[in-house]
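Visitor: Chains F and L are the protein sequences, given in the same order. Note that the numbering used here has the first sequence beginning at 2, numbered continuously upward. Note that the numbering used here has the second sequence beginning at 2, numbered continuously upward.
Just to be clear, a hint being listed does not mean it is correct.
All copies of an identical chain are treated as equivalent in the list; a pair is satisfied when it fits inside any one copy or across any two copies.
Here are the computed lysine-lysine pairs in the DSSO-like style, where the Cα-Cα straight-line distance is at most 30 angstroms [what the hints assert, rightly or not]: (1) K243 x K160; (2) K243 x K208; (3) K26 x K208; (4) K26 x K287.
I should point out that these hints are in silico values taken from the structure, not numbers from a laboratory. Note that the structure is a prediction, hence the values are computed from the model and not measured.
Protein chains: 2
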Amino acid sequence: MNSLPRIAFLGTGLMGAPMACNLLKAGYAVSCYNRTIAKTAPVVAAGGVAHATAAQAARGAAVIVSCVTDGPDVEQVLLGDQGAVTAATSGAIFVDMSTIAPAMAISLGERLRDRGLRFVEAPVTGGTVGAINGTLSILVGGPEADVAEVRPVLAAMGKTITHCGGWGAGQGVKLCNQIMGAMNLLGVCEAMSLAHGMGIDPEILIKALGGGAAASWALQNLAPKIIAGNWAPGFMVDTQQKDMRLVAQAAEQAGVALPGAALVTQLWRSAQAHGEGSEGIHALAKVLQRLSAK
Amino acid sequence: MNSLPRIAFLGTGLMGAPMACNLLKAGYAVSCYNRTIAKTAPVVAAGGVAHATAAQAARGAAVIVSCVTDGPDVEQVLLGDQGAVTAATSGAIFVDMSTIAPAMAISLGERLRDRGLRFVEAPVTGGTVGAINGTLSILVGGPEADVAEVRPVLAAMGKTITHCGGWGAGQGVKLCNQIMGAMNLLGVCEAMSLAHGMGIDPEILIKALGGGAAASWALQNLAPKIIAGNWAPGFMVDTQQKDMRLVAQAAEQAGVALPGAALVTQLWRSAQAHGEGSEGIHALAKVLQRLSAK
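Let the hints inform the model, and build the full structure from the sequences given.
Guide: This is the structure in structure tokens:
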């Protein structure tokens, strides 16, 4: 007999599918839903049950996890006609692991609370590799007691679980993560452009500078892909641009000027204009190279 | 009897003095010179001999190290009226460890070669802490045989010694280092501005994001100083701006567009305008905060 609660998992895409599989591995029963039902296949293969609507997947589940692209998608899957809220039991906790606007997370929390339901936001960092290995960093926002209740569920999917504050704080920290990752990558791309222009082997940057003040995750992990000309996405330009739009909106609401974030967003827009939106974010290097026409 | 060659050390400032002391610790005899002679005191206390001119310090030395601020300073101390070249023995190798323009390093190499002297450039990263502990990263440019000959001398001052290519390549890699360090720091400052504006504890950024795609030396080492409001320099804004000027010149010569490096240079200029030029480079955080008037 399985004593762990049943979890509904809404959104089994590149991130969601391996995360749901890790819940199954940890012993949870998982009912799942995805708009394109074919994408539930890996979860079903691992022992999950697929449903035709979010409502059906959510029926009787103790925890309802959503992991979709943007705020309107979360609204649809939770509050739409056949959304999870229509079928959720009153004690259920909703855990949204998508990256959405902090203001939208606050709004969702309030709307669910008004229906007697509980809401926790839990956006993640660590990419598909982290999702597969269960090593995601999870940035949680919501009431203390609710966060404590879902912590074991989150621990099945991630390694570092940080309670950042109330609704919106987890999403806010996620946006800070995107800013830093973006600027670190811009630094790598500009350094590699200068090295290229000066006839310096860019491998030297990784070897000679990886241990000091230039050190970053981007230098260690994305510079080798740039050198190899491998533009396959770990994380896509189009998705990053969705996140940069959230950064710009949150900054505007908070009255905060972010010139670097604005610049790198424009440069990624150029990548999109050149048809590189579905390549990895490190396609930024090609934008910089084109700027210098080399 | 000391079998190690005597080294002349020209420029015993914040970086040069501890580097010269590490040469003494490794068993080299050191004769030194500094424009302001009082700054030779730590080297003399460690067993070195101070001289009134660069020429006097260089007389009879096998290796002549210079570690000053900028290209014109190197020219003065090597090629000026009482410069080291006037007294150097013909087999001597010059090792310039200052951060100067790659084009200037090439020019110095050529001018010394024309006088029958040898030249190696060896700018460093790792700051005063690295200089004191002998853990600098040293970015070497010059002819293979000359680099091999001075490698033991460099090994007394640094941990990672990378031969980057011919004259100019070591300086070029150093400039790439400055670009990445600058952009990583700008990312930290903008993330902290957004966190501040959203009412999020900035400590969370370090704890929750230090292991993932946002990770950088700046997040680990400079963010805590920013949170503490400790603006004491590890590396000064004014000196960083000298390096950013070298970046801009090298990029112009190579025909490389560096919009991010240009932006952060302008922001540091604002720090200088506010009288923060002799504070640490992380005073950039105050520029961002003032932009948002919080």
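Visitor: Could you run down the list of hints and mark each one as holding or not?
Guide: Comparing the hints with the structure gives:
1. K243 x K160: within (25 angstroms within a copy, 42 angstroms between copies)
2. K243 x K208: Between copies only: 25 angstroms across, 33 angstroms inside.
3. K26 x K208: The answer is between: 28 angstroms across copies meets 30 angstroms, while 38 angstroms in one copy does not.
4. K26 x K287: neither (40 angstroms within a copy, 48 angstroms between copies)
In terms of the numbered hints stated before, the structure departs from hint 4 and from no other.
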